[in-house]
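There are 4 protein chains.
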Amino acid sequence: MIERYSISPMKEIWSEEEKFKRWLEVEIAVVKAYEKLGVAPKGTASKILKKAVVDVERIKEVEKVVDHDVIAFIKSVTENMGDEAKYFHMGLTSSDVIDTALGLTLKKVVKIILEALEKFIDSLKNLAITHKYTPTVGRTHGVHAEPTSFGLKVLSWYSEALRNHKRLKSALSEVSVMKISGAVGNYANISPEVEKIVAEILDLEVEKVSTQIVPRDRIANLLSVFSLIAAGIERIALEIRLLQRTEVLELQEPFKKGQRGSSAMPHKKNPILCERLCGMARLLRSYSQAAFENIALWHERDISHSSVERVILPDATNIIYYMLIKADYLIKNLVVNTDRMKESFEISHNLVFSQRVMLKLLEKGLSREEAYLIVQKNAMKSWNERKDFRQILKTDPEILKFLDINDIDELFNIDYYLRNVDEVFKRFGL
Amino acid sequence: MIERYSISPMKEIWSEEEKFKRWLEVEIAVVKAYEKLGVAPKGTASKILKKAVVDVERIKEVEKVVDHDVIAFIKSVTENMGDEAKYFHMGLTSSDVIDTALGLTLKKVVKIILEALEKFIDSLKNLAITHKYTPTVGRTHGVHAEPTSFGLKVLSWYSEALRNHKRLKSALSEVSVMKISGAVGNYANISPEVEKIVAEILDLEVEKVSTQIVPRDRIANLLSVFSLIAAGIERIALEIRLLQRTEVLELQEPFKKGQRGSSAMPHKKNPILCERLCGMARLLRSYSQAAFENIALWHERDISHSSVERVILPDATNIIYYMLIKADYLIKNLVVNTDRMKESFEISHNLVFSQRVMLKLLEKGLSREEAYLIVQKNAMKSWNERKDFRQILKTDPEILKFLDINDIDELFNIDYYLRNVDEVFKRFGL
Amino acid sequence: MIERYSISPMKEIWSEEEKFKRWLEVEIAVVKAYEKLGVAPKGTASKILKKAVVDVERIKEVEKVVDHDVIAFIKSVTENMGDEAKYFHMGLTSSDVIDTALGLTLKKVVKIILEALEKFIDSLKNLAITHKYTPTVGRTHGVHAEPTSFGLKVLSWYSEALRNHKRLKSALSEVSVMKISGAVGNYANISPEVEKIVAEILDLEVEKVSTQIVPRDRIANLLSVFSLIAAGIERIALEIRLLQRTEVLELQEPFKKGQRGSSAMPHKKNPILCERLCGMARLLRSYSQAAFENIALWHERDISHSSVERVILPDATNIIYYMLIKADYLIKNLVVNTDRMKESFEISHNLVFSQRVMLKLLEKGLSREEAYLIVQKNAMKSWNERKDFRQILKTDPEILKFLDINDIDELFNIDYYLRNVDEVFKRFGL
Amino acid sequence: MIERYSISPMKEIWSEEEKFKRWLEVEIAVVKAYEKLGVAPKGTASKILKKAVVDVERIKEVEKVVDHDVIAFIKSVTENMGDEAKYFHMGLTSSDVIDTALGLTLKKVVKIILEALEKFIDSLKNLAITHKYTPTVGRTHGVHAEPTSFGLKVLSWYSEALRNHKRLKSALSEVSVMKISGAVGNYANISPEVEKIVAEILDLEVEKVSTQIVPRDRIANLLSVFSLIAAGIERIALEIRLLQRTEVLELQEPFKKGQRGSSAMPHKKNPILCERLCGMARLLRSYSQAAFENIALWHERDISHSSVERVILPDATNIIYYMLIKADYLIKNLVVNTDRMKESFEISHNLVFSQRVMLKLLEKGLSREEAYLIVQKNAMKSWNERKDFRQILKTDPEILKFLDINDIDELFNIDYYLRNVDEVFKRFGL
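Chains as they are written, first to last, in our numbering: chain A, 1 to 430; chain B, 1 to 430; chain C, 1 to 430; chain D, 1 to 430.
Simulated from the structure, these hints should not be mistaken for lab results. There's no promise every hint is true.
[To be verified] Straight line, CA to CA, 30 Å or less: simulated DSS-like cross-link-like pairs of lysine-lysine:
1. 132/A to 208/B
2. 47/B to 360/A
3. 119/C to 208/D
4. 21/D to 208/D
5. 107/A to 169/B
6. 75/C to 332/D
7. 166/D to 208/C
8. 196/A to 166/B
9. 364/C to 47/D
10. 342/C to 342/A
11. 36/D to 360/C
12. 64/B to 50/B
13. 381/D to 64/C
14. 86/C to 360/D
15. 364/C to 256/A
16. 36/C to 60/C
17. 125/B to 196/A
18. 332/A to 119/A
19. 11/D to 111/D
20. 42/D to 125/C
21. 364/A to 196/B
22. 42/D to 360/C
23. 169/B to 125/A
24. 381/B to 332/D
25. 125/D to 108/D
26. 21/D to 11/A
27. 166/B to 36/A
28. 86/A to 381/B
29. 381/A to 86/B
30. 11/D to 60/A
31. 342/B to 381/D
32. 166/B to 108/B
33. 11/C to 60/C
Work out the full structure, taking the sequences as your base and the hints as a guide.
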């Protein structure tokens, strides 16, 4: 868990202290279940809660001796507990506590991530609406293609984010599970009743059939969804980087007051945040690879997934949260140079309108071949001489046979290309 | 697409011929839409369909000249079409055809995969039910732990497969999309009406906002789900491999009549199918990595995803299908040596019952510390002398103070460990 | 192995026929060893060679029955061999043949790849030399930074390719190994002498200690090197894509005669080859992931690596070869628009020279703070008013106190930035 | 960087304080170069060194304002430096410092890793020698195959580790590089002389052609080698896990005094360290995936690799170091149950000797078919009736026609299988 990319409240959740508190929360819930089932006397849970001490340093001390974190935790927490200690961790296997607490943790962190995603989605929606009719050059292969609207571009990001939202919600419900089913998942020494009550107390779902642990496909799926969200942000960040190039400058990531790209070159505003986000997407997909490998464990469990998860779960959740917070900031404060977007049409001499000219000539009765040849001739001229395609057309007698000046101007009206934008937005209720 | 791992009907779907036929299907649907909208005369589509020729060799010939597969396709298909040719591909961009046809393809192949998964799930269910009460040693870390039921183990596989089924259904609906929205996704030269009608004809969903193409997070999500399914099969295959070891022999993958593991060693039945399945899971997770990288394309599209998909889409779908077919065969024909499962308890001298002995002594009034020490002493003796734990207990006077011979025998009753199995099965309605 | 990306002679090497011929080559070498050691009579090998028939269809037929490819091969090849058949495959385990033949295959294909890499390196060298002094804008973060030479950029690619060459040579020697050591690698039924002679005949190194097979770290290392080579090509392809953007146009990938990017837009030359190469780099790194997972096999071998290798070895070698051939073509035919490179300086109004102006003012006795403020003021003006920085400077009285017009012009002399280029080239003997 | 898996001295090297100290080391080396070249007065470097203060908290404070770590570092370090401050960082670009310091760091950490690898290799060698002639069952597919020696198995691990050593040495020399070549790598404002002198002072190699940074294929290659080393350890750990299964128990990872696998089951010694190592191998290969993606940066650099490296470089080096330290401990303290190894032959009723029986019958003049049928009949009987194969043979009159009791006993002499072991060890000079 890298300090640099850890943001509250995510980072605190993964602290040792918080982890042990959640372990305690699980242990207490089990005692409550025992109370309810008449196994422990009424009031045991609250007595235990009063006397239980979570002291991270002490736990670590004990762990050095016993070499087992759950045993160290129990020993340390119950040190001055008195008689009630016998109900503490009674009938449980370590993984009952660890995996149920992991369910609590993941539910908590994924909810926070989900909320951050929702804010980000909202920002995307607002940006899309703002620029619904902002004309911009559409590009394929990095090359000017046809006019479109910047809002439509953003709407595509928004639409992808909505899909990721749906996926994340599903992943959240998948990891919000718990298990108290004993050493091999057969409830040999603990009743399914206990599990049911604890699940209710902690507001988690019971893993319907567990081994010693909760199966790891749930986590692998979560990590995959993180990779998808990260790649969605990467797609946006990459677009901004491309449009912030000195030669394009249609977009710029927000530049903080006082921030310096270069001492003397004012144009040297570098899209470093976007670049950072692109790097982080690589991290997240690499984590998902390790998570896939964690699924096929031996028999009722081996512990090979544990070292992996100790690293990737805090890291991946911290980083995806960081990405979402930053991406939201990015979108909310994105510098959109609408003037430059218009100027870009001139860079390719308005040739992005050429197809429409050809279609108009077809309408006027020319054959596809004839229309094509005339347009091509003019387009080549425009391109080679670096002159405005519209002006070139206006001086071509062949063109003027079919189109007058007004006709020609009308063909370069960007509104034509945006006439269906509203229809697309409506599909999203926007 | 490797011949060895390609099975009908999956493999045929990915043939060049089938691909072009789906392209034609899309083109025809567009013409039908034009008919419906009054753009093309009634009957155009059926006339075109009659004259359209899909000749793979001819298309390849043309492609060598024009270096563009869609153009080659159009040229070849319309070669002798006559007047109606002008309505063919009218107003479309290549990706309208390619990606809509890809939607058709993916819907088709994922459905087949889904059906195979369903059969596999059914086989798992049957195996779980059959062995609901088959006692077996539960193992953690590869070491004997506590008694459990083999059916419970299979139920865990079944439960994971059900989760994957849900994920795959969701992924299927995600990839069953199409787009006919032009070169940059803004419907500049084609009406959204056409798209809507084509979607109905082809029974696909409209991509609500597209660029030149359908966004690639959909495919990455599909590949992730394949990785999850594959890892679920890997988990089963790994378990079988572990239980087919010479020293264990509780399970065996089916051995075909006449198949030979070794010329002279009859025990040399190797779990080669399970090993193959484990290898394939590696392939699938590696493909998903490439698919994640395909999401962040430039602007309204770049074509870097294309080479990746040409390789991984046929390969991944063929291999996951192969895995499911073989895994189903594996489960249906799995050799379950229930006798060996019982014998395994003896390998660890029935020590897997030790915890229960201790709990019984607690019941009889001993303190945890006392009970632990007595059990441990006997367990150590059993382990070191390699003698049956039960018999050891029966000769320990200290034990006999609290338990008589019948008591002891009762503690080694496996039924105790299986008493909650029914409860777990009920959660699945089984 | 995808037809589309398979090029001779690579693709033929991976054909079934060639594979079986290499198996035969190994079998014959073993017989020769037996001859040499006096185990088989002189002339046996040549008799066998004469009568051995490699008939792919027949082998497949037999395989359907025996379900084992090596047994099918032996049966089919020896069908009409007569007495000498008894020396064929004598004392060998299947993997002795398969892995030794794999050594032959890999040596062959990696050599071809190495040669392709060498040609590519040569093309890079030539391009670097040609453009040693071609001035171009250096960019960091996609933003104009300082003047540099295009040759220097290419030299960096060249240098990376040289590192990859060294890595590939090492990987080649690592995979050029063989083993004939029996079922568990202990030469139980075959003498190490046989292995030694066969190694000499086939010009491969003996695996000094093998299990049933050659250990798989060798292959994983090879695949890693492929990933590195592919990423090196990706880096170049990405650079070309960035410099081929409509707004930049400094580079263009070669455009074949008659090739069409778009029917009417002459500027629509899309860097599709570069995009394809970028996609392929993703494929290669994904394969290396699977190869890493293939290393940890069970005991003296399990066969889980086999399905993976059947897919990724042909695919990865075909694709890396394709990439190298195409990358070489790309570099050899790259369109370098040196005029556009010069024009690019104007896009940022020659602000890339600002640091040098500041340094000159320092020389003239200004403090760093003073120099900075003057330059910044002028740079801001140039940027905001979109006027040439040099001209702005020439009209600033404050500047003119320290520099005259000639001084100023001298500061914009690109040669200054290229004065150390020769030194760098010399490091490579260029 | 996870505390749990960070070991001295590796973990300290990655502390913020150490990082800044290395930055200072680079800056001082540059000043020394200036001294040597007569640019700065003699004694400047030592004066600066005396006054330079590396105060992590202060640097972080400043970074909050300037949002740039190198600028914050310079500001903080030079705060009370006086006149010499002007020579500090003179003519440098941030990356000159960062990447040169990274060269120092990587050289340092990789050397430590290399030394740990060397110790590990030594332990493997010793274990191999100790068990050179320890008979054990060789297994393929997890199934008993033929007798072999445990030392041979270890020798194979040793041999792989030697290959990794060679790879790591090469990777070490690849990352021990530096660059002081300015903002775009063309030495515009700094002489190549400075770089040369600094390289000598710091004992690093000059990157012969750099961009703003050192190219990232070097790091990707390093991470690949880590993946290979980790997979080599995974292979060993997996073998131990397999041989520590309750049913096998030939090996056991060391069990610390007082460590508890289970409260009452003495056989419950779990190979948790080996499992942890297997998990870590997954982490390392996932990091290498991100490292491959870091190679293709834009132009003279973009900063997308930075966030990735901030995470994976400390993590990967810490974890691979942890793995090597633990793997060395594992091998040094491995419990080898040679008695159990012998007993294992009985588990498959000595059938692993069957091939040798068949070969002997061939020697005695039987045809392959006859020999095969006799052996198979007896082997089947042994397997089905679970009786010792040797004893079965001794009672088969057909066998006794060709072999007497002594002959038979001789065939079950394990020495036969180990007769070439010495030859193999000799190849390593052992």
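Evaluated hints:
no.	hint	in the structure
1	132/A to 208/B	15 Å, holds
2	47/B to 360/A	27 Å, holds
3	119/C to 208/D	21 Å, holds
4	21/D to 208/D	26 Å, holds
5	107/A to 169/B	24 Å, holds
6	75/C to 332/D	48 Å, violated
7	166/D to 208/C	16 Å, holds
8	196/A to 166/B	24 Å, holds
9	364/C to 47/D	27 Å, holds
10	342/C to 342/A	25 Å, holds
11	36/D to 360/C	23 Å, holds
12	64/B to 50/B	26 Å, holds
13	381/D to 64/C	29 Å, holds
14	86/C to 360/D	16 Å, holds
15	364/C to 256/A	33 Å, violated
16	36/C to 60/C	33 Å, violated
17	125/B to 196/A	24 Å, holds
18	332/A to 119/A	10 Å, holds
19	11/D to 111/D	14 Å, holds
20	42/D to 125/C	42 Å, violated
21	364/A to 196/B	29 Å, holds
22	42/D to 360/C	25 Å, holds
23	169/B to 125/A	28 Å, holds
24	381/B to 332/D	28 Å, holds
25	125/D to 108/D	26 Å, holds
26	21/D to 11/A	28 Å, holds
27	166/B to 36/A	35 Å, violated
28	86/A to 381/B	29 Å, holds
29	381/A to 86/B	29 Å, holds
30	11/D to 60/A	19 Å, holds
31	342/B to 381/D	23 Å, holds
32	166/B to 108/B	17 Å, holds
33	11/C to 60/C	20 Å, holds
Hints 6, 15, 16, 20 and 27 from the earlier list are contradicted by this structure; the remaining hints agree with it.
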